[in-house]
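Using the sequences and the accompanying hints, generate a full structural model.
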Amino acid sequence: MTDRPVPLSILDLAPIVSGGTAADALRNSIDLARRAEAAGYHRHWVAEHHFTPGVASAVPALMIGQVAAATSTIRVGAAAVQTGHRTPISVVEEFGILAALFPGRIDLGLGRSGQLRVEALAEVDAGRVAIPVNGAAPRVVDGLLIPPPFPVAAVFASPRLRRLYDLLQQPGAETPGYRDQVHQILGLLDGSLVTPGGDPVRAVPGEGADVEVWIFGSGPGESARVAGEWGLAFAASYHITPASVLEAVDAYRSAFRPSAHRDAPHVAVSADVVVADDEATARELASPYGLWVRSIRLGEGAMAFPSPAEAAAYRWSAEDRALVADRVDTQFVGTADAVVAGLRTLVAATGADELVVTTITHDHADRVRSHELLARAWLA
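Numbering (this note's numbering), first residue to last: 1 to 380.
Everything labelled a hint here was simulated from the structure, so no lab data went into it.
Don't take each hint at face value.
Unchecked claim - Label pairs and their computed distance ranges (CB to CB):
1) 353 to 143: 32 to 42 Å
2) 180 to 151: 24 to 34 Å
3) 353 to 174: 33 to 43 Å
4) 69 to 139: 41 to 51 Å
Positions of the beta carbon are idealized from the N, C-alpha and C atoms, including for glycine.
This is how it looks when you write it as structure tokens:
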């Protein structure tokens with residue numbers, strides 16, 4: 001790592017907490033973005049999640065418009081648009097409008113969620129997925145904890161999710177392959193897309209939009225290859241799939257070809273972070289995280305984020321702990337100096353060009369404080 005720290009950004013889920021509402025969560029996200037801009041954060045990215053009682057960030061384009069209107073310099077974007085139930089033209093038109101209203105500030109992140117869900121369900125149906133109770137031992141690579149892989153496909157075994165996800169698409173609709181979708185989105189943005197008959201396709205607004213395109217990936221598969229082959233920026237997830245982050249960035253860099261978008265590979269790596277004035281307070285603020293992750297991995301959708309007292313009342317089984325161990329063990333929690341030291345290890349191990357942090361606490365003031373303490377220490 002150089003003496004100058006890599007840019008620091010935020011991934012915001014607009015978390016709904018126990019006793020709170022979606023309206024509270026959305027207003028808090030706008031407030032966080034204002035505070036993040038003042039603190040020196042480079043980007044404010046919003047997630048896309050559906051059927052989740054604890055996440056209000058369901059429509060990135062709407063969120064981005066509100067956040068961008070409330071700020072003036074910070075870049076704002078999607079992390080990431082779920083392409084599995086969207087058409088390329090709808091994505092490009094939405095972000096074309098945003099880019100026209102907020103020029104030079106909009107990021108378009110593309111995720112492979114729909115295709116991943118179909119593949120995961122096939123794995124589940126074939127009986128090739130099981131949730132580990134006693135997993136393999138974790139590794140430490142260049143000082144970075146790499147836990148055993150969690151079979152993300154197991155999440156999709158939930159009958160509830162199977163029924164709900166069908167609502168994200170029109171009956172009979174078929175999602176094109178991810179590579180085809182990205183190709184069409186890029187073609188609509190640069191004006192090169194044509195119909196099978198050779199007619200040009202014009203996205204208005206959208207064509208020529210000043211957006212920065214990112215590919216989001218959790219492993220060394222298609223997302224990493226697509227990002228590399230088309231010379232796009234790549235965001236790798238340590239906070240969701242820490243077991244495969246090193247393989248993901250290696251696959252991306254190996255596949256990279258210079259393009260009009262990038263002349264060299266560019267990687268952002270995400271981390272889950274809670275910072276407080278002392279370690280004991282940080283640990284208490286982070287204590288509900290495991291229970292929240294458990295609700296996701298049981299296919300219940302992210303629950304409303306519990307308070308530390310609510311989390312303390314839960315009685316954990318060995319199966320529960322195995323279910324969330326990789327996420328809990330790779331969360332960066334503590335004082336600003338301690339967390340910065342851990343994040344520097346993450347950046348050095350992955351060679352990241354940018355760092356994206358996500359923080360959830362029950363009280364909004366604690367979340368804001370965490371981000372402010374981190375920025376002060378990281379950017380000093």
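Each hint tested on the structure:
no., hint, in the structure
1, 353 to 143: 32 to 42 Å, "violated, 19 Å"
2, 180 to 151: 24 to 34 Å, "holds, 27 Å"
3, 353 to 174: 33 to 43 Å, "holds, 36 Å"
4, 69 to 139: 41 to 51 Å, "holds, 45 Å"
This entry does not satisfy hint 1, going by the numbered hints stated previously; all others are met.
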